[in-house]
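So the chains spell out like this:
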Amino acid sequence: MSITLNNVTHTYMTGTPFERTAIKNVSFSINEGEFVAIIGHTGSGKSTLVQHLNGLLSPTTGTVTVDGIDINTKKAESLAARRKVGMVFQYPEYQLFEETIAADIAFGPRNFGLNEDEVDERVREAMDFADLDYEQYAQRSPFQLSGGQMRRVAIAGVIALKPRYLILDEPAAGLDPIGKRIIFDKIKGLHEHGTTVILVSHNMDDVAKMADRIFVMHQGVLAANGTPKEIFAQRDLLKEAGLDVPPVTETLRCLKEHGFAVDDTVLDIDEAAKSVLQAVRGDRHAE
Amino acid sequence: MQIEVKNLCHHYVGAEDNQPPALDHVNLTIDEGEFVAIIGTNGSGKSTLAKHLNGLLLPSEGECLVDGMSTLDYEYIWDIRQKVGMVFQNPDNQLVATVVEEDVAFGPENNGVPPEEIRRRVDDALRRVGMEAFRDHAPHRLSGGQKQRIAIAGALAMDSRWLVLDEPTAMLDPQGRQEVLGIVKRLHKEEGIGIVYITHYMEEAVAADRVVVMKNGVILTEGTPHEIFTQTKMLEELGLTVPVATLLADRLRAAGLDLPQNIITDEELAVALCQLR
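In the order they appear, the protein sequences are chains A and B.
The working numbering numbers the first residue of the first sequence as 1 and each following residue consecutively.
The working numbering numbers the first residue of the second sequence as 288 and each following residue consecutively.
Don't read these hints as lab results, they were simulated from the structure.
Just so it is clear, the structure is predicted and the values come from calculations on it, not from any experiment.
Careful, some of the hints might be misleading.
[What the hints assert, rightly or not] Derived SDA-like pairs (lysine to any residue); straight-line CA-CA distance at most 20 Å:
#	chain 1	residue 1	chain 2	residue 2
1	A	LYS186	A	HIS218
2	B	LYS502	A	ASP206
3	A	LYS186	B	GLY526
4	B	LYS502	A	SER58
5	B	LYS502	A	ARG82
6	A	LYS274	B	GLY526
7	B	LYS502	A	ARG181
8	A	LYS186	B	ASP537
9	A	LYS274	B	LYS502
10	B	LYS520	A	ARG181
11	A	LYS274	B	ALA542
12	A	LYS274	B	TYR488
13	A	LYS209	B	LYS502
14	B	LYS502	A	GLY174
15	A	LYS256	B	ALA559
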């Protein structure tokens with residue numbers, strides 16, 4: 001089971017003077033159960049790319065399949081396949097619109113044709129995800145919540161659709177470190193329970209900590225695809241793509257330049273400390 | 288010449304009675320040419336404070352003085368807004384024109400500056416942020432970092448002496464972040480422009496002369512970046528991040544290495560480790 005892109009190209013405004021190809025011949029598979037991150041600078045084609053994963057955009061050429069079904073046909077199975085892929089846009093709290101939190105979360109499940117009992121169950125589960133007590137908050141306005149809570153309610157609205165594949169575009173942008181940790185812990189929880197997660201982010205540190213695999217987009221093509229260790233060892237490629245390495249890699253590289261034999265591919269602070277200790281003690285033994 | 292915040296309180300209109308004020312008797316002085324970073328969690332009052340510095344919000348109690356002029360005195364409000372420029376988090380919310388140079392000209396035009404002087408200021412401002420090649424581009428087609436540079440140019444065209452930047456890099460990619468921070472550092476260092484910089488990125492706050500830590504509407508502590516960022520325990524309790532070099536130094540010290548306490552940059556860590564050789 002997977003989302004597979006086969007030679008996908010997307011051209012905006014074909015046949016006009018504004019014609020622009022945003023992504024070119026992109027092919028990859030995201031397997032069920034993976035945690036994938038997509039990185040790339042502004043204008044690299046990330047947003048165009050992810051909008052193909054649930055059919056918001058259709059390829060100009062190429063195909064997108066979800067669990068083996070082409071999602072860009074007019075058949076009923078195509079719609080069903082698209083519904084397996086949930087999408088949380090940047091700043092999702094701007095999309096809250098209902099008078100109560102419960103009604104806002106219920107909007108999606110109701111549109112998917114669930115009966116009222118099922119809708120209610122989904123709302124309760126989603127509010128549990130957002131850490132909001134049902135009795136206390138269900139009938140309140142979503143607009144009186146704090147920024148972090150609003151963000152969680154907005155994400156809960158997508159969770160209520162029970163997507164097997166969940167795409168999140170910068171889910172932590174603008175949140176402080178605590179708000180960010182809460183959101184990321186929730187996302188990790190979903191992943192552990194079997195949801196495939198596709199995270200779009202500018203924060204190399206978050207990506208290094210969370211993802212199993214990273215896709216690098218640059219000028220509309222898939223420039224690299226590998227584990228965080230593999231990707232963040234390719235400094236020149238990242239620089240070329242307008243990206244960066246995580247702060248811990250930057251620190252280790254600086255030590256390496258000063259002549260310490262540290263392993264600058266480790267991404268965890270405790271492992272980094274171990275590597276530095278070894279390097280420093282190794283030096284002392286040598287003398 | 289300074290910005291003085293004296294006993295400043297702010298209650299938002301419509302907030303429930305039992306809610307604590309967004310700012311609770313804040314005192315802060317920012318000298319001309321100083322680079323001050325403000326850190327703190329969401330809801331700590333950082334943005335509210337920033338909006339007082341050029342009179343976008345007005346004090347419920349206390350006062351905010353810019354070069355001795357109170358933001359409460361309506362006579363001075365336009366002078367204050369000219370002296371203190373503001374750059375917000377979302378670049379799309381602050382660009383008003385369809386051509387870059389017209390956007391930068393918006394402020395001086397509204398102030399009734401003569402056309403040839405506007406021309407001069409716009410050219411000058413675009414040069415100072417490195418965007419002169421984009422003068423006739425459409426702002427909405429620029430990258431996030433470029434948009435923020437245009438917003439900064441808009442303040443420079445007003446001859447602002449202070450720039451208040453409220454998380455200007457939160458929505459930017461790594462390259463955009465470096466562009467904006469680079470310009471801010473240069474304006475401070477080479478042109479002596481005062482900077483008030485709100486951020487969640489501690490690597491950025493390290494560039495400041497002084498760091499102010501806010502919590503629940505009060506200033507919890509302030510000091511040089513070295514004084515603040517070496518207090519790892521306090522920062523972690525506040526839910527803020529600590530620079531990697533400081534975290535690493537803490538762990539190495541715990542493992543028995545004899546490292547000094549004041550390490551906050553990669554370079555400082557490398558130098559300290561070299562001395563152990």
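Hint-by-hint comparison with the structure:
Distance check on the hinted pair: LYS186(A) and HIS218(A) sit about 30 Å apart at the alpha-carbon level, beyond 20 Å; violated. A distance of roughly 25 Å separates the Cα atoms of LYS502(B) and ASP206(A); the hinted pair therefore is violated under the 20 Å criterion. Under the criterion of a C-alpha separation no larger than 20 Å, the hint pairing LYS186(A) with GLY526(B) is consistent with the structure, at around 17 Å. Distance check on the hinted pair: LYS502(B) and SER58(A) sit about 47 Å apart at the alpha-carbon level, beyond 20 Å; violated.
Restraint check for LYS502(B) and ARG82(A): not satisfied, since their Cα atoms lie roughly 44 Å apart, outside the 20 Å limit. Annotation: proposed proximity of LYS274(A) to GLY526(B) is violated, straight-line Cα distance about 25 Å (limit 20 Å). A C-alpha spacing of about 18 Å is found between LYS502(B) and ARG181(A), which places the hinted pair at or below 20 Å, so the restraint holds. The suggested pairing of LYS186(A) with ASP537(B) is violated, with an alpha-carbon distance near 29 Å, which exceeds 20 Å.
With a CA separation close to 34 Å, the supplied pair LYS274(A) and LYS502(B) exceeds the 20 Å bound. At roughly 18 Å between alpha-carbon atoms, LYS520(B) and ARG181(A) fall within 20 Å of each other, so this suggested pair holds. As the CA atoms of LYS274(A) and ALA542(B) are separated by approximately 9 Å, the hinted pair is consistent with the 20 Å bound. The hinted pair formed by LYS274(A) and TYR488(B) fails the criterion: a straight-line CA distance of about 25 Å is larger than 20 Å.
A distance of roughly 28 Å separates the Cα atoms of LYS209(A) and LYS502(B); the hinted pair therefore is violated under the 20 Å criterion. Of the pairs offered as hints, the one joining LYS502(B) and GLY174(A) holds, with about 17 Å between alpha carbons and a cut-off of 20 Å not exceeded. Distance hint between LYS256(A) and ALA559(B) is fulfilled; the C-alpha atoms sit about 14 Å from each other, no more than 20 Å.
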